[in-house]
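J.: So you can see what is in the structure, the chains are spelled out below.
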Amino acid sequence: MSSSTNTPTHHTSTIGSIGAPSRRNTELALLVFAVVIPVFAYANVGLAIDDKVPTGLLSYGLGLGLLAGVAHLVVRKFAPYADPLLLPLATLLNGLGLVVIWRLDQSKLLQSINQAGNAAPRQLLYTALAIALFVVVLIFLKDHRVLQRYTYISMVGALVLLLLPLVPGLGAELTYGAKIWISVAGFSIQPGEFAKIVLAVFFAGYLMVKRDALALASRRFMGLYLPRGRDLGPILVVWAISILILVFETDLGTSLLFFGMFVIMLYVATERTSWIVFGLLMSAAGAVGVASFEPHVQTRVQAWLDPMHEYTLSQAGVQDGVVHSEQAMQALWAFGSGGTLGTGLGQGHSELIRFAANSDFILATFGEELGLAGVMAILLIYGLVVERGIRTALAARDPFGKLLAVGLSGAFGLQVFVVAGGVMGLIPLTGMTMPFLASGGSSVIANWALIAILIRISDTARRPAPAPAPNPDAEMTQVVRP
Amino acid sequence: MNKPLRRIAIFCGLLVLALLIRDNWLQYVMADDLKNDPKNRRVAIARYGTPRGDIIVDGNPITGSTKTNGDGYNDFEYKRTYKDGAMWAPVTGYASQAFGATQLENIEDGILTGNDDRLFFRRTLDMITGKKQEGGNVVTTLNAAAQKAAYKGLLKQGKGAVAAINPETGAILALASTPSYDPSTFAGNSTKVDGKAWTKLQKKNNPDDPMLNRALREIYPPGSTFKVVTAAAALEHGVVDSADEKTDSPLPYTLPDTTTELKNEGNIPCKDATLREALRVSCNTVFGKLGVDVGKEQMLETAKKFGFNSEQFVPIRSSASIFPEKMDRPQTALSSIGQFETATTPLQMAMVASAVANDGTLMKPYMVDKLQAPNLDVIEQTDPEEMSKPLSEDNAQILQSIMETVVEKGTGTNAQINEGGVTIGGKTGTAQRGVDNSENPYAWFISYAKVEDGSSPVAVAVVVEDESANRDDISGGGLAAPIARDVMKAVLDGKSGS
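Protein chains in written order, with our numbering: chain A, 1 to 482; chain B, 483 to 980.
Bear in mind the hints are in silico, worked out from the structure with no lab data behind them.
The C-beta atom is built at its ideal place from N, Cα and C for all residues, glycine as well.
Certain hints may be false.
[Claimed, not checked] For each label pair, taking beta carbons as the anchor points, the in silico distance ranges come out as:
#1 ARG76(A) with LYS614(B): 49 to 57 Å
#2 ALA500(B) with ASP50(A): 33 to 41 Å
#3 ILE49(A) with ASP608(B): 17 to 25 Å
#4 LEU380(A) with ASN857(B): 15 to 23 Å
#5 SER112(A) with LYS786(B): 51 to 59 Å
#6 LYS686(B) with ILE49(A): 42 to 50 Å
#7 LYS686(B) with VAL322(A): 22 to 30 Å
#8 ILE139(A) with GLY495(B): 32 to 40 Å
#9 ASP306(A) with LYS745(B): 36 to 44 Å
#10 LYS108(A) with ASP608(B): 23 to 31 Å
#11 LEU166(A) with ILE527(B): 35 to 43 Å
#12 ARG463(A) with ASP515(B): 47 to 55 Å
[Said to hold, decoys possible] Per the computed footprint, the stretches of chain A lying under chain B, defined by three or more beta-carbons under 8 Å from a beta-carbon of chain B, are:
#13 336–342
#14 364–377
#15 390–396
All chains should be built: construct the whole structure from the sequences, respecting the hints.
T.: As structure tokens, this is what we get:
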């Protein structure tokens, strides 16, 4: 920060010094595409499966259009200088996700094993709720710096959210995957998705205060700045919590996500590369340590190294205490069968993935039906969201805003990498959902809130500096005596 | 704070780049391997997504397709059906939704599903015009009447196999194996019905191993039928010059370099017997000594010309028959009368008979006459192909006259067909099994039929392995020859009728 305060206009950023265009009309034009593309995709699925335009097309198109319109109007009113790309990108992803969820609803196989059927209408409802939360955030969070006040409350909140799935009677025990769900009044909620945002607030607030101590009080050793022992405390605590999540909730993804987010924010706050080195060493040690005695994680790693073997075991119904899943191999087959251009929407067989075909594994359906071209487009859209988030961080004028924006976008990027990498067999599978695409209320609601916060920070960042207040000294001093 | 931010931006870009590279690897580099992986269920879904083409015998399909309807969810739209499935199983193999496909169903899968590259243009046309993809047909060379005669004959005897060939072309006319299985019983993918039927047929649950294609994949010791090969070698390599000159054959005959006496079955006139007489009464002593006189290298050379020691692809793969390559002189003697390690598939022995019948020329056996596109255009036609010439025309005719004597007044009289102008040549065999002959032997018969104009429309090999039969009854002439006769008669009747 020191460099930026010295030369405030040195860096290229989205703000010009004065009179930046609001770009709201750009956003509106992009939004039209973001709504029209999913509507065409929806019609495409209907034509491919039933040879007719689906009856819900009009209501679906209107629904999505309405939600996007409301979001746009709220942004126009309450965050007029916000980044113009974030909302259309998120809308496009959400719309395409809805289409593919609806497409998987039509699968008789998934219906027969109760994995799909009416997920799409439910997802549309969640999307409406998510947009409502988006609107609430934008209206009531006038300035993101307000969140700074809640630094330590956020910490408690995040811990509670993370621990909820372990509460007896509340945590939903699933045959497959990790213990990251709670069930309340018939609804399954994934508190980790919300914890992601709350933790980012805590880290941003905490690091903003402590960053000088963490950055400067260190000794140099072999080209690295070694932090003092007591400054290692926070990173050790976060590391320990991540390991605990991994052990008790058996969730590699969430654990990796939180620790990765913390290391990113720590690095940005202190500008010390040594933290990255420490972070990598600690996560490697943690992962290896846990993997050596946790059978669930071991199975995931084995399925990653040799998915075919795992498939064979699952087909043979081998019972050896851990659940063998054919999903990893089925996902690879789905991607491979899609090839360069895909089979076309509605014409693939990604339902063979069975469990979680429309949530964790939804990218495989994109892979099969839209092909390499489609998946590359989706990945680039995610990349764009992350880069717009980081650009917002660059543009933000306050350290808290910078840290929060980079934390949120970094977490979003890591989540995309961990999920897509897992589904594509690049890294071991974890139980997380593709942001915006996957079926699931918690995910879509939390991610819209995340986008809302980024939009709020970018609005603050791009807002033209207020015209200097009239200086009373400029006027002639008049002494008025009675 | 902005320098680390830029680095984080680059880092996130690298994460996305890694995903993009991985995606290209999966969906471009590995795409075809993953797409065509036989374990990828999409392969089977495509296979059963449209009515499968048919396998055709004598102009009639012996297979069919039916809409799958069954319990619960099924992503395979069509199911294979078979007419007389058990009888044709050694020809068709099976195409099962749950258990994959074998033999013709597997080898010609591309044509039957319509996925073959040669159908690409049609397929594209269908796609554009919105027609559903159709499969082509596989037209076989088989003869329904001969197959029926073979299968019925075998059923009466229990376990066994028949292979019949047209000696002049190599076209396979019959290919039967018992006990057999009906591939339609497990063509679907219901665990209740198809899974149970499949389990019951597996060798570990069914010692009779009904799914074994005995005509192509089982190798039996050929017993005395192998003496035809030894006789051919003796003639070809100049050890014997004619059918009726006396051989130099002592009786009793002691295996060379040993003190073991080689015995004949019963007290038969084998001392210095002529080749004709020796084959008529099936002298072990004469042929054992002939084998040694010819020499193991020359014996091996002739056996290989007949097709021994290599797999045949008809196009179904048949096991390689065995004539041992490493043996000493007594073993050569034993191998020459079809003992020691000599072992053969029924198809191989039919090839031996057919080479003799076709005046010494062995035609390459085949069972697919042509492949048809869905509109019946011929995509591929199999032309008869000469495989080898194990013996000269003169020697073949000498051997023919001897084999005809066997049927006329030797061990093979049961194969006689008393119709105008038909002559039958054959050879019986009874292969010993087990230590000191403790198990029931295999009954063999190989033969061919010639018609008036000198042409030969059929050669056949029959093997019967019946463990329930009375041991004394088992002899090639008693059990196997009548089946061979019926098969040949079916072919001859069909020929005169048409």
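J.: If a hint holds in the structure, say so; if it does not, say that too.
T.: Okay, the hints, checked on the actual structure:
no. : hint                                 : result
1   : ARG76(A) with LYS614(B): 49 to 57 Å  : 51 Å, holds
2   : ALA500(B) with ASP50(A): 33 to 41 Å  : 39 Å, holds
3   : ILE49(A) with ASP608(B): 17 to 25 Å  : 20 Å, holds
4   : LEU380(A) with ASN857(B): 15 to 23 Å : 46 Å, violated
5   : SER112(A) with LYS786(B): 51 to 59 Å : 57 Å, holds
6   : LYS686(B) with ILE49(A): 42 to 50 Å  : 43 Å, holds
7   : LYS686(B) with VAL322(A): 22 to 30 Å : 29 Å, holds
8   : ILE139(A) with GLY495(B): 32 to 40 Å : 34 Å, holds
9   : ASP306(A) with LYS745(B): 36 to 44 Å : 59 Å, violated
10  : LYS108(A) with ASP608(B): 23 to 31 Å : 25 Å, holds
11  : LEU166(A) with ILE527(B): 35 to 43 Å : 42 Å, holds
12  : ARG463(A) with ASP515(B): 47 to 55 Å : 54 Å, holds
13  : 336–342                              : holds (count 5)
14  : 364–377                              : holds (count 5)
15  : 390–396                              : holds (count 4)
Figure legend: structure checked against the earlier numbered hints; hints not met, in rising order: 4, 9.
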